[in-house]
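Let's have the full structure, built from the sequences with the hints guiding it.
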Amino acid sequence: MKNVVRNRFEIVSEAGQLTRGEPDTSKALAIEGLTVAYGEKAAVFSLDADFAAGRMSAIVGPNGAGKSTLLKAALAIVPALSGTVRFFGLSIDQARGRVAYVPQRASVDWDFPARVVDVVMMGLYRTLGWFRFAGANERSRAMTCLQRVGMEDFAERQIGQLSGGQQQRVFLARALAQDADLYLLDEPLAGVDAATERTVMEVLKGLKSEGRAVVCVHHDLATVPAYFDDVLLINVRRIAAGPVGVVFTEANLQKAYGGRLAGTVAAPLPVGGH
Amino acid sequence: MGQEFVQLSLTPMLIGILAAVACALPGNFLLLRRQALIGDAISHVVLPGIVVAFLFTGTVSAWPMMIGASLAAIFAVVLIEAIKRVGRVDAGAAMGVVFTAMFADGVLLLELSDTSSVHLDVEHALYGNLESLIWLAADGWGSLADWTALSEMPPQVGRLALVLALVSGFLFAFWKELTISTFDEGFALSLGIRARLIGFLLVVTTAVAAVAAFDAVGSIIVIAMFICPPASARLMTNGLGHQVAWSTLFAGASAILGYVLAGYAPLWLGAENSVSAAGMIATVSGFILGFACVLGPKRKRIGAAREV
Amino acid sequence: MENFLSALFLQSGYNSALVAIGAALLGIAAGGAGTFIFLRKRALVSDAAAHATLPGICLAFMTMVALGGDGRSLAGLMAGSAISAAAALVLVDWIVRETRLPEDAAIGAVLSVFFGFGIVLMTVVQNMTAGRQAGLESFLLGSTAGMLFNEAVTIAIAGAAAGAVLFLLYRPMTLVAFDPEFAATTGIPVRATDLATMGLVLVVTVIGLKVVGLVLIVAMLIIPAVAARFWTERVDRVVLIASLMGGVSGYLGAALSAAHPQVPTGAVIVLVAFSLFVVSLLLAPARGVVASVFRHLRFQRRVHLRQGLLALARDEPIFDRLTLKVLRGEGYIRGDGVATLQGRATAANALRDEARWEVAREMHLEGSLSGRFDGLNAIEDVFTPDEIRELDRQLGGRIAVVS
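Chains as they are written, first to last, in my numbering: chain Z, 158 to 431; chain Y, 7 to 314; chain X, 90 to 492.
Hints in this document: simulated from the structure, not taken from any laboratory. Quick caveat: nothing in here was measured; it's all calculated off a predicted structure. Check before you lean on any hint, since a few could be wrong.
Pairs of lysine-lysine, BS3-like flavour, derived with a Cα cap of 25 Å [said to hold, decoys possible]:
(1) Z:K198 x Y:K90
(2) Z:K412 x Z:K198
(3) Z:K365 x Z:K198
(4) Y:K306 x X:K414
(5) Z:K184 x Z:K365
(6) Z:K198 x X:K414
(7) Y:K90 x X:K130
Spelled out as structure tokens, the structure:
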């Protein structure tokens, strides 16, 4: 267990004076002592986590462990009770343009009157000024993103007609349109077909090789070692964090999942490197 | 025909169209945000707003009443939101509590205060008096180019035109923000869009439209126009822009057809008196929705419902 | 005041007493029936039903006049309103089933169109020469002043009948409102129970027309239920409390308005109910605002205290102002932020408990601890002293490593 209430962005001198420290820009996302509560139940308690650029990281834990809440609180979508969050050493408001968020597919109503290309162009929002609407330029950028996820033929399709996997690809294309340095994805592989899973992972690996940071809330323990470099195991509190080979051990998983682990993964547990 | 039409029918029709479109436009987003009934709630709380404004100013002039009504509507919306959050009850129940209590308050104030000297009653609040908004100064189509005649037009025309411009301006200026935050609030917040503020502004715009329309046509049209034209339009198309266009068309058509039917249909049927234009406009919008439900090309849902 | 007191104790005439009893019975039935639709998150369906009674009233009036009556029979008007309200409910259901429109839009559309059509019919009725149409507007806002004896009896009987139905179907309705899927497994016909609930809502609406009026009857269905929800987490008690509040509102409101005939009964009843709601919202111990704010502050304090103690134990600097304040308040740190003796001891205990939890989690991997290791449950609350001793034994040499 490491530091709980510490704040590396601020330094105390010998005399007890508080001064600003140099922001640590090497971390794409640094979370310190984050606590989030719904009512009187802590969803995330005093959590520390770092995510580095150029790495693929998984957030893993049982249902209700606070994985999605962690992402939402980091992005200030839900309020935190305490804690500090820095993106590339900056506050969320300063770093919005460098962060892309992909919510869970099921969190929106797909009956919304929009076409696939309209949804992808939402990712270009921050590049458009007031009273500026998406034009040919935006459209062609959206089409490029759709091509990267293999969905260019569906551009004019009503979003309600898409399968689950196709919806996920559209969400990924929208995030690609944001051209961010940090990608936060909430269960991008939940309930998608094998082809979509391959496409999504290819795209994410491409982002990583370009030096961007990728963080996924992930539910499938069996694929963690194959897909990710780092893993953060949580269950309300942080259980373990670090490179998959070091941290993704049976003992840590048992700690995170308790008895619920049985049946979650095909035995034997994939432990160690890949 | 020309003179009589311009004098007696042109302005009520115009007012009906302006009111219907001003309500239908924000109604499109309310529909998609599952807030369709906010229009119902707002149109009920307008009554206490104007009664309180009357008690303060002692007159029935339009502007104080519109301001009073708008404030009441905003107060109601804030109260609904607070009860929803604090009490952890669903939006429908919170609305039901607030608008009925405020309406009851309006009725009570109205009965207890001395409003007998002025024209202020619940029936008027419910179905307005569209038929009386005539333009006697006009002597034909030429009056539309005549300043003195124009200045004698019912003031509701100008007010509603202003409000319609305001509503359209709001939707145009915040189109992207409204669309993104309606479709995916979490994503909108992650982009830095102040989604909750946008939602609140939409409701304020709705309230302004409701109050202005209510002043001219009563609350039935207001509720019907917030919901029926956008709902019919949703069944016609899968594009948001197209939906807004269809809803404008349906709102205008309801206003014209409703007004004409209210005025002339009873005569065709051999009756002597016309019927309520406000009620008829709502009825026509209902028939349009009925047709859209049965025949609309996009009437069936295809996408999966939101799970959370 | 004197008038009010005499009305309150049923002393101001046989009719007023009957009306007050009828309104109380109506309130009880409305509170109960309203709870079931509120718990099913369909509260405003009743608004559609209420507004949709208007065309039924007018058509019933026209029919009765056409058949040669004067159109004022309350029973006849109630029958007409029930038919059109039922038609509205069927239509809402149909729109939701057959089209992509969500329920709130269907409710709003049906409500406004039926009401608009009702207003059209109302203007037709007003232009009719036959019949005595003067009283129809009174259904908008309700009016018990000048109510006829047989009308009061009708309302009292119908109110009692609705109360009896509520009493009979109380159990299945409670189960369905609480958990429809579970209710189905126990053999309760969910669909039929839902229909019965809507039927009860319909009956309450129709009886309420004369007393409260169609614009405000929805308040009698919703407000007591929402108010009652603040007091308890148990469905059966919500129903009971809502019925009680509805009954009190109906009775008090009717009595008040009997004492002051110029005051519309419906508005008074609704405002009495709303006052009960405000009291519940603020003061109810289970979910009321005051209690919730208090609990939230206490929870926040607990979080900061815990985080602060762990930081102290690990010699980490603390910056969070609230954390500092809480620690200072407990006497764990001095004004300059240095830990007191007591603070050090408590912090060491907190750290020891962390270590105990660590061991406990390794020992209890079967998951029985899930959800309790959120950093806020005291270890003494979860384990017996014997178990804690066992944890300490296991901990043995490790404690040196942690501290």
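task = Enumerate the violated hints, using their earlier numbering and listing them in ascending order.
result = Violated hints (numbers, rising): 3, 4; every other hint is consistent with the structure.
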